[in-house]
Amino acid sequence: MKESVTIPVSGMTCAGCSGRVQRVLEQSPGVSSAAVNLLTRSAAVEFDPAATSVETLVETIRGTGYGAELPSPEQSIEDALKAEQETRAQEVRDITRKAIVAGLATLGCVILSMLPGLPRAAVTFGQLALTLPVVLWAGRHFYTRSWAAFRHHSADMNTLIAIGTGAAFAFSLAMTLAEGWLESRGLWSPPYYESVNAIIGLVLFGNVLEARARGRTSEAIRRLIGYRPETATVLVTGGEREVPLSAVRPGDQVLVRPGDRIPLDGEVLEGTTSVDESMLTGEPMPVSKQSGDQVTGATLNKNGAIRVRVTRTGKDTVLSRIIAMVQQAQATKAPIQRLADRISAIFVPVVVSIAIATFVIWFDLGPEPAYLHALVSAVTVLIIACPCAMGLAVPTAVMVATGRGAERGMLIRNAEALQRTSQVGVMVLDKTGTITEGKPAVTHVEAEDGNADALLAAAASLERLSEHPVAEAIVAGALARGLSLTDPAAFQAHPGQGVTGVVGGRKLAVGNEVLMTAQGRNLGRFGELAIRHADRGETPVFVAAEGKVIGVISVSDPLRPTSAEAVSELHALGLEVVMLSGDRVRAAQEVGRKVGVDRVIAEVLPDQKLEEIRKLQGTGPVAMVGDGLNDAPALAQADVGIAMGSGTDVAIEAGSITLMKSDLRAVPATVRLARRTLRVMKQNLFWAFIYNVIGIPIAAGALYPAFGLRLSPAIAAAAMAFSSVSVISNSLRLRKA
Numbered sequence: 001m002k003e004s005v006t007i008p009v010s011g012m013t014c015a016g017c018s019g020r021v022q023r024v025l026e027q028s029p030g031v032s033s034a035a036v037n038l039l040t041r042s043a044a045v046e047f048d049p050a051a052t053s054v055e056t057l058v059e060t061i062r063g064t065g066y067g068a069e070l071p072s073p074e075q076s077i078e079d080a081l082k083a084e085q086e087t088r089a090q091e092v093r094d095i096t097r098k099a100i101v102a103g104l105a106t107l108g109c110v111i112l113s114m115l116p117g118l119p120r121a122a123v124t125f126g127q128l129a130l131t132l133p134v135v136l137w138a139g140r141h142f143y144t145r146s147w148a149a150f151r152h153h154s155a156d157m158n159t160l161i162a163i164g165t166g167a168a169f170a171f172s173l174a175m176t177l178a179e180g181w182l183e184s185r186g187l188w189s190p191p192y193y194e195s196v197n198a199i200i201g202l203v204l205f206g207n208v209l210e211a212r213a214r215g216r217t218s219e220a221i222r223r224l225i226g227y228r229p230e231t232a233t234v235l236v237t238g239g240e241r242e243v244p245l246s247a248v249r250p251g252d253q254v255l256v257r258p259g260d261r262i263p264l265d266g267e268v269l270e271g272t273t274s275v276d277e278s279m280l281t282g283e284p285m286p287v288s289k290q291s292g293d294q295v296t297g298a299t300l301n302k303n304g305a306i307r308v309r310v311t312r313t314g315k316d317t318v319l320s321r322i323i324a325m326v327q328q329a330q331a332t333k334a335p336i337q338r339l340a341d342r343i344s345a346i347f348v349p350v351v352v353s354i355a356i357a358t359f360v361i362w363f364d365l366g367p368e369p370a371y372l373h374a375l376v377s378a379v380t381v382l383i384i385a386c387p388c389a390m391g392l393a394v395p396t397a398v399m400v401a402t403g404r405g406a407e408r409g410m411l412i413r414n415a416e417a418l419q420r421t422s423q424v425g426v427m428v429l430d431k432t433g434t435i436t437e438g439k440p441a442v443t444h445v446e447a448e449d450g451n452a453d454a455l456l457a458a459a460a461s462l463e464r465l466s467e468h469p470v471a472e473a474i475v476a477g478a479l480a481r482g483l484s485l486t487d488p489a490a491f492q493a494h495p496g497q498g499v500t501g502v503v504g505g506r507k508l509a510v511g512n513e514v515l516m517t518a519q520g521r522n523l524g525r526f527g528e529l530a531i532r533h534a535d536r537g538e539t540p541v542f543v544a545a546e547g548k549v550i551g552v553i554s555v556s557d558p559l560r561p562t563s564a565e566a567v568s569e570l571h572a573l574g575l576e577v578v579m580l581s582g583d584r585v586r587a588a589q590e591v592g593r594k595v596g597v598d599r600v601i602a603e604v605l606p607d608q609k610l611e612e613i614r615k616l617q618g619t620g621p622v623a624m625v626g627d628g629l630n631d632a633p634a635l636a637q638a639d640v641g642i643a644m645g646s647g648t649d650v651a652i653e654a655g656s657i658t659l660m661k662s663d664l665r666a667v668p669a670t671v672r673l674a675r676r677t678l679r680v681m682k683q684n685l686f687w688a689f690i691y692n693v694i695g696i697p698i699a700a701g702a703l704y705p706a707f708g709l710r711l712s713p714a715i716a717a718a719a720m721a722f723s724s725v726s727v728i729s730n731s732l733r734l735r736k737a
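Numbering of the sequence shown is given in our numbering, commencing with residue 1 and proceeding in unit increments.
Please keep in mind that the hints were generated in silico from the structure rather than gathered at the bench. Some hints could be false.
[Unchecked claim] Okay, derived cross-link-like pairs now, DSS-like style, lysine-lysine, Cα gap no bigger than 27 Å in a straight line: (1) LYS615 x LYS594; (2) LYS736 x LYS682; (3) LYS82 x LYS736; (4) LYS615 x LYS548; (5) LYS302 x LYS315; (6) LYS315 x LYS2; (7) LYS82 x LYS315; (8) LYS594 x LYS439.
[What the hints assert, rightly or not] What follows is a list of derived Cβ distance ranges for each label pair: (9) ILE690 x GLY226: 31 to 41 Å; (10) GLY271 x ARG97: 49 to 59 Å; (11) GLU69 x PRO367: 47 to 57 Å.
Cβ atoms here follow ideal geometry from the backbone N, Cα and C, with glycine treated the same way.
With the hints as constraints, model all of the structure from the sequences given.
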């Protein structure tokens with residue numbers, strides 16, 4: 001049996017870093033899949049516990065030169081996020097201090113070079129004194145991480161910065177310490193201390209902006225956690241006591257006053273109220289609650305005091321499961337990321353090779369002093385190249401989109417589901433519970449002997465052992481009429497057809513036309529009656545006794561008020577909409593006509609839905625929307641399975657995407673979010689690639705022969721810093737999707 005774990009990884013700074021860790025993990029014994037995310041700085045690993053262990057995986061990551069820690073099983077989501085925030089805040093403070101020092105050193109170098117009458121030696125030694133703290137302290141991590149990568153036969157962004165600034169510093173140091181010797185041979189030139197300081201300062205400044213922007217990508221999770229109260233009012237003998245949530249246990253009873261947030265998942269024992277569940281479902285209308293109803297932690301109690309028995313705490317609550325699901329989704333990779341990963345794997349060696357070629361060409365063909373032009377151009381190539389932007393292009397969009405989706409009641413399981421949703425061409429909608437309310441009711445009863453109550457009571461007595469929504473409607477209809485029901489002496493369910501058994505000594509069959517035909521029963525006049533009811537969109541249920549059809553019960557499942565609007569929105573998105581139903585063709589077609597679907601596939605048994613999905617997939621990617629329970633096989637077969645639910649009743653584990661509300665309009669909203677996210681991913685990748693494709697040749701001197709234009713290392717550093725920040729900023733636009 002496979003297990004999964006998310007391991008925090010430190011020290012990664014670019015796509016090359018995360019790519020190396022991922023490749024090593026994927027090649028490790030017992031590992032079936034690994035996804036290393038640069039943005040979340042984590043490795044999501046699926047492994048066989050019989051072949052490896054979490055401890056071994058941690059050591060494997062450390063063997064690549066990056067830090068890794070065992071995940072704490074006892075740490076709550078809130079504590080983990082708080083620790084991450086504190087770490088990021090400390091990181092921002094440290095980098096900011098270093099960037100300021102580098103900036104001041106740059107300014108000092110410029111001022112020294114402009115002071116009139118100051119001896120040249122004093123200028124260069126003064127600039128050296130200002131640069132040493134920058135190289136040895138502010139930019140030290142570039143060199144140490146580069147060396148660590150080299151020792152593990154790897155290269156990353158730190159390698160480029162370390163080689164570039166290191167070469168410029170070494171050149172400047174030589175110009176300072178061997179000034180007379182070099183000048184006597186005509187080789188001396190002004191040192192590049194200000195460039196070294198400016199490069200390190202600008203890169204650090206870009207890191208600060210990147211870290212702050214990266215922090216904003218997880219704002220959605222922080223907002224979800226912020227809905228949860230810190231304490232609960234627990235009812236105890238003789239009164240009540242305010243306790244931390246961590247001290248509340250299942251079975252405890254809590255008091256929730258008007259205006260308070262419900263602390264944990266539970267069942268209302270006493271009182272009536274309305275609850276604002278918008279943080280969970282995105283639906284602004286409050287939901288009425290009374291004794292026996294389920295409530296979800298972190299939702300807002302509006303106008304009545306209620307007593308609630310706690311049923312779930314800690315990681316088992318709906319909110320905790322949602323947050324965990326979002327975090328897992330943010331750690332996954334979209335298929336579109338693969339191209340960036342392949343390029344990132346060879347990016348740094350290719351850039352270093354281009355820098356060497358640049359040096360050689362300028363040294364051989366460039367104007368005098370050729371060695372100086374060669375050095376500056378090679379350093380500029382190394383500095384302007386940015387694998388970070390490629391590594392951040394897709395993960396930033398995924399993080400923001402999945403967080404935004406959770407806020408709107410859309411739980412997206414992984415990045416692949418997000419991308420696939422944007423590409424589907426056919427949307428299949430299950431009828432019951434998706435297009436309709438899923439709460440059918442008896443509308444008409446016709447009995448051969450005229451005794452409708454007796455017919456309904458007999459059918460309900462048999463149907464009470466069935467879990468089908470139509471069976472529940474028949475039972476509810478009988479109870480609503482005050483009819484008494486008896487226990488059947490025998491019972492057998494026929495999936496997709498109905499039930500048979502013995503009630504009151506009579507052999508009964510209750511079901512659709514397929515069941516009646518299979519048992520050789522003639523529908524007689526009830527067949528024509530059923531057709532008339534089916535034409536109105538109702539579902540006929542036949543009742544047979546001792547081999548003869550003795551009546552028909554019509555059941556109607558009302559349409560959701562927003563279904564037609566949702567189908568119209570799906571059409572506007574260019575999707576073909578197909579409805580699947582187990583109902584008779586006439587009844588299903590009437591429902592399909594009312595909501596405006598393109599095709600209706602009726603009289604489909606539960607085990608046949610999967611085959612229908614396969615047929616539709618012959619024309620392209622297909623998404624299936626169902627209730628996540630009896631539709632599970634079809635949801636799994638579809639390219640994207642979308643499970644619909646409401647509040648705590650939702651089957652969170654059912655599909656690739658779970659909608660926390662039963663409003664079908666959430667489906668086109670999900671498609672729009674997915675398409676916009678894919679568009680942002682493509683934009684990010686385009687700009688990340690085009691930045692390097694254009695920037696590196698210009699840095700190498702491609703414009704010099706025709707226009708005499710060259711980039712300075714400082715401008716290259718600013719451009720490199722801007723590229724990563726621009727990618728993250730573009731992704732942050734999805735927060736308003």
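Hints, verified against the model:
1. Between the alpha carbons of LYS615 and LYS594 the distance comes to roughly 25 Å, so the proposed pair stays at or under 27 Å and holds.
2. Between LYS736 and LYS682 the alpha-carbon distance is near 18 Å, which keeps this suggested pair within the 27 Å criterion.
3. Using a Cα cut-off of 27 Å, the hinted pair LYS82 and LYS736 holds, with the two alpha carbons roughly 24 Å apart.
4. Using a Cα cut-off of 27 Å, the hinted pair LYS615 and LYS548 is violated, with the two alpha carbons roughly 38 Å apart.
5. For the suggested pair LYS302 and LYS315, the alpha carbons sit about 26 Å apart, so the restraint of at most 27 Å is met.
6. Restraint check for LYS315 and LYS2: satisfied, since their Cα atoms lie roughly 21 Å apart, inside the 27 Å limit.
7. For the proposed pair LYS82 and LYS315, the alpha carbon gap of about 16 Å is at most 27 Å, so the pair holds.
8. A C-alpha spacing of about 18 Å is found between LYS594 and LYS439, which places the hinted pair at or below 27 Å, so the restraint holds.
9. Between ILE690 and GLY226, the C-beta spacing of about 39 Å keeps the proposed range 31 to 41 Å intact.
10. Checked against the hint of 49 to 59 Å, the C-beta distance between GLY271 and ARG97 comes to roughly 55 Å, which is consistent with it.
11. The hint said 47 to 57 Å for the Cβ distance between GLU69 and PRO367, and at roughly 53 Å that hint holds.
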